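S.K.: Order-wise, the sequence lines are chains E and R.
Straight run, no breaks: the first sequence in the working numbering ends on number 114.
Straight run, no breaks: the second sequence in the working numbering ends on number 317.
It should be emphasised that the hints constitute simulated quantities derived from the structure, not laboratory data.
Given the structure is predicted, the values throughout are model-derived calculations rather than measurements.
The reader is advised that the hints may include incorrect statements.
[What the hints assert, rightly or not] Restraint-style ranges between C-beta atoms, simulated for each label pair:
no., chain 1, residue 1, chain 2, residue 2, range
1, R, K142, E, S52, 19 to 27 Å
2, R, V259, E, A98, 48 to 56 Å
3, E, A98, R, Q217, 39 to 47 Å
4, R, N242, E, L81, 27 to 35 Å
5, R, E62, E, H103, 39 to 47 Å
6, R, Q138, E, H103, 34 to 42 Å
7, R, F315, E, L81, 51 to 59 Å
8, R, K130, E, L81, 50 to 58 Å
9, R, Q138, E, P96, 32 to 40 Å
10, R, S136, E, P66, 38 to 46 Å
11, R, E300, E, L55, 29 to 37 Å
12, R, I70, E, P66, 46 to 54 Å
13, R, D216, E, L81, 48 to 56 Å
14, E, G82, R, I86, 24 to 32 Å
[Said to hold, decoys possible] Output of the computed footprint for chain R on chain E, the stretches with three or more beta carbons under 8 Å from beta carbons of chain R:
no., region
15, 60-71
16, 89-102
Each residue gets a CB set at the ideal place from its N, CA and C atoms; glycine is no exception.
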Amino acid sequence: MQGNASRTVRSLLQLCQHPPAFPAAANRWFHAAAVRLSSDRQGQEQPKAFDSALLEFLVCPLSKKPLRYEESTKELINEELGIAYPIIDGIPNMIPEAARMIHRKAQDEESKHT
Amino acid sequence: MAAFIGAAVGRAVCGCRHGQLSSVGRGLFSGARCLAAERETHFGFQTVPETDKGEKVYQVFESVAKKYDIMNDSMSLGIHRLWKDILLHQMNPYPGTQLLDVAGGTGDIAFRFISYIRSQWEHQIKQKLKSHQNVSWQEISKSYQEEELKLPGGSQVVVCDINKEMLKVGKQKAQHLGYSEGLAWVVGNAEELPFNDNKFDVYTIAFGIRNVTHIDQALQEAYRVLKPGGRFLCLEFSQVNNPIISRLYDLYSFQVIPVLGEIIVGDWKSYQYLVESIRCFPAQEEFKALIEDAGFLKVEYQNLTSGIVAIHSGFKL
């Protein structure tokens, strides 16, 4: 049993050291696979962005009212209550304790004065 | 080590469901229930203020997140995978099903759901091909395009967990395993879900509801977010009724699991909590009544592995 296993390991190692010559078609396939892999990797970066399709489901856990996605700050905003929920690594954090208070009205008034 | 085990057994005797074994235990058990009225709750066999439980549970799962899957495999000898497969078979989702998986941080249910939907879809296509042999190239290319953009039939699964660390592990796993379409991750509390009313066809919670501070509130929220006709499915540890199996199970739970926890994760306490919290969770019938109280109809349960776990099911009609 062990002998068998070590033999297969050895033959695998040999295969790695001296790979058989691939026909051109196989090479092309490998190239294509490599291209696909790199495009997959690009795809993996995408999920960091917020998927706005989620807005169809998401509401503020407190008021159960719809939210607005603010792209510049990466937050989900409940205008009525003046709370902003952060989106970290593409995952919205909908825990009220994690939310930020925004004093929109106060800011508006300030901007009027200046 | 011996002292640890001794302490564990000592606590086991006066623990929640073990209250049924000894009168001392029963006294403590009802005591804990009385305290619950004064806004206290159990964290394992400890009685803690309700406000502390969430924090404590958070710490437990934060601590175990990275090794959660290895621990599940080693503690249940891999059986948790079968339990989760059975849950999916009970759900039997079709292409188009909208699923909310609560407390599903590491994605075990969500990934199974996606695989199930895909295989259902393939089956449907095969059936179609059988019924009419001439499928146009346009139809074939369309089916591939659909597959690449989203899950068949527009199925979606939203994984909601209160614990960021568990979600992080799940999301990494998803990228690694190649699940991305129709899958979303949200940090949220089961007691105040950040989802609109009547949105989901199925709500699942697997090994999660035990850790929620107010189970009744979590059930009400489940009811709210489900569409009329939607189904609630809960996979959770339950009560073993066979006395011999129960004895062996207790021995294993209290003597082996915390030791495994110490060896694999380096965290005895978290796994001590795990086994204690299992004993404190209401038994099958009691939990069934809670689900009915939330408004669900046709509530049923199925015991798996002699009642070590049970699947409760209910409908919003």
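S.K.: Take the hints in turn and mark each one as holding or not.
M.R.: Structure-based check of each hint:
The hinted range of 19 to 27 Å is satisfied by R/K142 and E/S52, whose Cβ atoms lie roughly 25 Å apart. R/V259 and E/A98 have their C-beta atoms about 36 Å apart, which leaves the hinted 48 to 56 Å range violated. In this structure the supplied range 39 to 47 Å is violated for E/A98 paired with R/Q217, their Cβ-Cβ distance being about 19 Å. A hinted range of 27 to 35 Å for the beta carbons of R/N242 and E/L81 is inconsistent with their spacing of about 52 Å.
A hinted range of 39 to 47 Å is violated for the C-beta pair R/E62 and E/H103, which are about 32 Å apart. Distance hint check for R/Q138 and E/H103: the Cβ-Cβ separation is about 55 Å, which falls outside the suggested range of 34 to 42 Å. The hinted window of 51 to 59 Å between R/F315 and E/L81 is violated, with their beta carbons roughly 33 Å apart. Between R/K130 and E/L81 the CB atoms are about 55 Å apart, so this pair conforms to the stated range of 50 to 58 Å.
Here the CB-CB span from R/Q138 to E/P96 is close to 50 Å, at odds with the stated 32 to 40 Å. The hinted range of 38 to 46 Å is satisfied by R/S136 and E/P66, whose Cβ atoms lie roughly 41 Å apart. Restraint check, R/E300 to E/L55: a C-beta distance of roughly 35 Å satisfies the suggested window 29 to 37 Å. Between R/I70 and E/P66 the beta carbon distance is about 40 Å. The supplied range of 46 to 54 Å is therefore violated.
Distance hint check: the CB atoms of R/D216 and E/L81 are about 25 Å apart, inconsistent with the given range 48 to 56 Å. Between E/G82 and R/I86 the beta carbons are some 46 Å apart, a value that contradicts the proposed interval 24 to 32 Å. Given as covered by chain R, the region 60-71 of chain E passes the check, having 5 residues with a CB less than 8 Å from a CB of that chain where 3 are the minimum. Given as covered by chain R, the region 89-102 of chain E passes the check, having 9 residues with a CB less than 8 Å from a CB of that chain where 3 are the minimum.
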